[in-house]
Amino acid sequence: MLEIGIRMKKQNDKATKQKIKIAPFVAIFIFLVLGAIGISLGEPARVLQQATQICLECIGIG
Amino acid sequence: MDLVRKWVQALVFLLTNGFWSFPVTRGIYQGPLKVLCSPGLNCYSCPAATTYCPLGALQQLLAGIRMALESGQLFVGFYVVGTMGVIGSFVGRMVCGWACPFGLLQELLFKIPSPKFNIWRHLRYIKYVLLVVMVILLPLFALDEYGLGAPSFCKYFCPAGTLEAGFPMLILQPGLRANLGLIFVIKVLFLILFIVWSVLASRPFCRTSCPLGAFYGLFNKIKLVRLRLDPVRCTNCAACHDVCPMGVRFNEAPDDMECISCFACSKVCAYNAINIEIGGVEITKQPTRGATPKPQKILP
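For the protein sequence lines, the chains are A and B, in the order given. Under my numbering, residues 1 to 62 are what the first sequence spells out, in order. Under my numbering, residues 1 to 300 are what the second sequence spells out, in order.
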């Protein structure tokens, strides 16, 4: 009985323990670096150029 | 929370489609805001669009990659993928539930009274095929005589583009009607299919065919803001199964790549077993709503 109680307490402790996760911050950093590389290469200007023209092919016309 | 979500959906819709003088200009917005990424599926050829569609921009860059490289420009999609990745790392598919205009449209269509049907779970894998084949491989490798690819997903499939850009541009610029052909007919048929399906089933396009949702779904296991299941409080009553608009069984798979963090499950959970977590830290732990959780089975 005591053993079950201890096991239950351990399970509760494990479930409620709050630990900061690093993975999302690593992913954000990696993609920020990727975006920064794109900016340094001048890609936003190309994206802007494309996005400000009506792409008839994109919408199935022409 | 549902009311907050509706307001956020409306706000994002207005922000990403804020160019309301298009009936006068009879063209699309051409200002500097279009360098910003729309988090959801929002065609940048839509007359009101003020941001770029990540899928459209990525396909365009991949389609013209050879020409760019030949001219010494390394436009391979770093900026677009970087932006999509940052959004995905923060919120994953929460974008679908909170910031996608086409998702909002499907939600509204589903409110129309009609018989409702489930969607076969395995159809969810179609969107990964579309992401790889139509968004990446075809623009890269299916080339015309000039060595240019085509934005295949937008050109042949995207119902959001047909609705938000195709029809409005045909109204604004009647001269374009002369260019209509089989491709547009196919796209209209896809649009009709998803509109009818959205009335009968919850979010069919998001669940089966959205490559952007497929991309964001890849981040659902590691994203910063997510829903968390408290295994001690959860009684496996399965109340969350019945309300999920994406068909997720939250108590069985809290990190499911389909979860759009709409909080529908959290709302119905009598034991408050579903909470918000930011970077591993739970921020909405509440007492149970008067109900006593069933004791958990302790494994030997």
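Hints listed in this document are in silico derivations from the structure and should not be mistaken for laboratory results. Check the hints yourself; a few may be wrong.
[Said to hold, decoys possible] Calculated lysine-lysine pairs in the DSS-like style (CA-CA distance at most 25 Å, straight line):
# : chain 1 : residue 1 : chain 2 : residue 2
1 : B       : Lys221    : A       : Lys21
2 : B       : Lys6      : B       : Lys111
3 : B       : Lys6      : A       : Lys19
4 : B       : Lys6      : B       : Lys267
5 : B       : Lys111    : B       : Lys221
6 : B       : Lys6      : B       : Lys116
[Said to hold, decoys possible] A short, non-exhaustive set of chain A residues, derived as facing chain B with CB atoms under 7 Å:
#  : residue
7  : Lys19
8  : Ile20
9  : Ala23
10 : Arg46
11 : Val47
12 : Leu48
13 : Gln50
14 : Ile54
15 : Glu57
16 : Gly60
Note that the structure is predicted; figures quoted are calculated from it, not measured. No residue lacks a Cβ here, since even glycine has one placed at the ideal position from N, Cα and C.
Checked hints:
1. Our distance criterion of 25 Å between C-alpha atoms is met by Lys221/B and Lys21/A, whose separation comes to about 11 Å.
2. A C-alpha spacing of about 14 Å is found between Lys6/B and Lys111/B, which places the hinted pair at or below 25 Å, so the restraint holds.
3. Of the pairs offered as hints, the one joining Lys6/B and Lys19/A is violated, with about 31 Å between alpha carbons and a cut-off of 25 Å exceeded.
4. Taking the CA atoms of Lys6/B and Lys267/B, the gap is about 15 Å. The hint holds against a cut of 25 Å.
5. Note on Lys111/B and Lys221/B: the hinted pairing is violated, with a Cα-Cα distance of about 30 Å set against a maximum of 25 Å.
6. At roughly 22 Å between alpha-carbon atoms, Lys6/B and Lys116/B fall within 25 Å of each other, so this suggested pair holds.
7. The criterion of a C-beta within 7 Å of any C-beta in chain B is met by Lys19/A, whose closest approach is roughly 5 Å, and the hint holds.
8. The beta carbon of Ile20/A is positioned within 7 Å of a beta carbon in chain B (closest approach about 5 Å), and the interface hint is therefore held.
9. At a threshold of 7 Å, the smallest CB-CB gap from Ala23/A to chain B is about 4 Å, leaving the interface hint in force.
10. Given the 7 Å rule on beta carbons, the hint for Arg46/A holds: about 5 Å separates it from the nearest Cβ of chain B.
11. For the restraint placing Val47/A at the interface with chain B, the shortest Cβ-Cβ distance is roughly 5 Å, inside the 7 Å limit, so the hint holds.
12. Residue-level restraint check for Leu48/A holds (minimum Cβ-Cβ distance to chain B is 5 Å; threshold 7 Å).
13. Annotation: interface hint on Gln50/A holds; nearest CB of chain B at approximately 5 Å, less than 7 Å.
14. Contact between Ile54/A and chain B, as hinted, is supported at the beta carbon level, the nearest pair being about 5 Å apart and thus within 7 Å.
15. A hinted interface residue such as Glu57/A counts as satisfied when its beta carbon comes closer than 7 Å to some beta carbon of chain B; here the least separation is about 6 Å, so the hint holds.
16. With a least beta-carbon distance of about 4 Å to chain B, the hint placing Gly60/A at the interface is held under the 7 Å criterion.
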